[in-house]
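Trainee: Please model the entire structure based on the sequences and the hints provided.
Order-wise, the sequence lines are chains A and B.
Heads up: the first sequence is residues 38 to 154, going by the numbering used here.
Heads up: the second sequence is residues 13 to 233, going by the numbering used here.
Among the hints, a few may not be true.
According to the in silico footprint, chain A covers these stretches of chain B (three or more CB under 8 Å from chain A) [claimed, not checked]:
| # | stretch |
| --- | --- |
| 1 | 45 to 52 |
| 2 | 104 to 115 |
| 3 | 132 to 141 |
| 4 | 145 to 153 |
| 5 | 200 to 208 |
Please keep in mind that the hints were generated in silico from the structure rather than gathered at the bench.
Backbone N, C-alpha and C fix where the C-beta goes; we use that ideal spot for every residue, glycine too.
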Amino acid sequence: MHEVSVMRNLLDIVEATADREGAEKINVIHLRIGEMAGINYESLKFAFEILSKGTRAEGGRLEYEKVDLRVTCAECSHEFSPEELVFRCPECGSGRIDIISGREMEVDYILLDEEGT
Amino acid sequence: MMHQINVGEDLRDRNREIAAENREMLRSHGVFSLNIMSAPGAGKTSLLVRSIPMLSEKYRIGVIEGDLQTTRDAERVGALGIDVYQIETGGVCHLDASMVHSALHQLDLDAIDLLLIENVGNLVCPAEFDLGVDARVMLLSITEGDDKPKKYPLMFSESSLLILNKIDLLEMVDFDLEKAKKEATDINSGIEMIELSCRTGEGIEAWTGWIENLISESRKG
Ligand SMILES: Nc1nc2c(ncn2[C@@H]2O[C@H](COP(=O)(O)OP(=O)(O)OP(=O)(O)O)[C@@H](O)[C@H]2O)c(=O)[nH]1
Ligand SMILES: [Mg+2]
Ligand SMILES: [Zn+2]
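Mentor: Spelled out as structure tokens, the structure:
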């Protein structure tokens, strides 16, 4: 269910870009999805197949790369990947942690066929 | 000819911009706001219904109800004589900043001190979308299982307060309260917790007290 809303929003971004470029066909959509974004890739792919029907992205390929969870300590600036989802700095023990990557739901790039080319 | 276009746009970018507008709008009208999130049925509406009569003694309250497609919750809250704005998301499984933005234009913000937003029942997506509120609250009912923090970490990491609801059922279910609390603290060391029952009323004063504290802090600037 979640993945359907996410895919709808991602396709909005893709369609707007394709409009700007005057594209006839969207061949590839390359996503960056954070490990902690709570997205099941199989469900996302399924949502893509349903939602892209009748659009320029129909029959196109959905690709993705996973972005690892990285955080920094707000006390000592140490950067690390939390193990077992324990958000505590291994250097200084602080629990004040900021997420720097791992929540992405991003359209990285798309491959288009342009009009008249 | 195939042509690559770099996009680099995260679907949360636009939401973040609108959330900032909401935050500014609420601040300029002196409205304190909370985004209340949980899995379906954890007790969000019950918590509102139970605590609004007490909170109304101190504050003028407005409520935004996010619901997939019914007006049931809005009716339960509206029965208390409170100004309720209903957002039917039409199947979208969370509220986002733009939905709340339209609602803010419909509410009389000068007539409200405290805005309570009930998000759509869901443990995943509401956590992704900042609405521009002052604080986020999540409910975990003890009938859901004590392994939820590790399964849905983002919700726990984004919330300032965790309400452990339906505590009246503790003896009837297999829920390790200490384990759930420890896992929540592992993810968010600053998270505050209240054990509560909408049925017996246990913990309701801790909840209204928590809100009062935050409001007086925010009024100090
Ligand atoms: N035993 C017990 N039942 C509760 C408690 N709080 C809520 N319930 C019951 O749980 C059910 C769901 O409560 P709601 O308040 O509708 O939950 P909700 O989170 O608003 O649900 P959605 O809006 O559908 O996501 C109702 O049948 C409530 O009576 C509690 O503290 N103890
Ligand atoms: Mg409800
Ligand atoms: Zn540190």
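Trainee: Can you tell me if the stretch 104 to 115 of chain B counts as covered by chain A, using C-beta to C-beta distances under 8 Å and a minimum of three residues?
Mentor: Result for this restraint: holds, n = 3.
Trainee: According to a criterion of three or more residues whose C-beta lies within less than 8 Å of a C-beta of chain A, is the stretch 200 to 208 of chain B covered?
Mentor: holds (count 3)
Trainee: Quick one: see if chain A covers the stretch 45 to 52 of chain B, three-plus residues with Cβ-Cβ under 8 Å.
Mentor: Check failed, 0 qualifying residues.
Trainee: When I compare C-beta atoms, does the stretch 145 to 153 of chain B have three or more residues closer than 8 Å to chain A?
Mentor: Violated, because only 0 residues of the stretch 145 to 153 of chain B bring their Cβ atoms closer than 8 Å to Cβ atoms of chain A.
Trainee: Closer than 8 Å Cβ to Cβ for three or more residues is the test here. Does the stretch 132 to 141 of chain B pass it with chain A?
Mentor: Holds: 5 residues of the stretch 132 to 141 of chain B have a Cβ under 8 Å from chain A.
The structure does not agree with the numbered hints 1, 4 stated previously, though it agrees with the rest.
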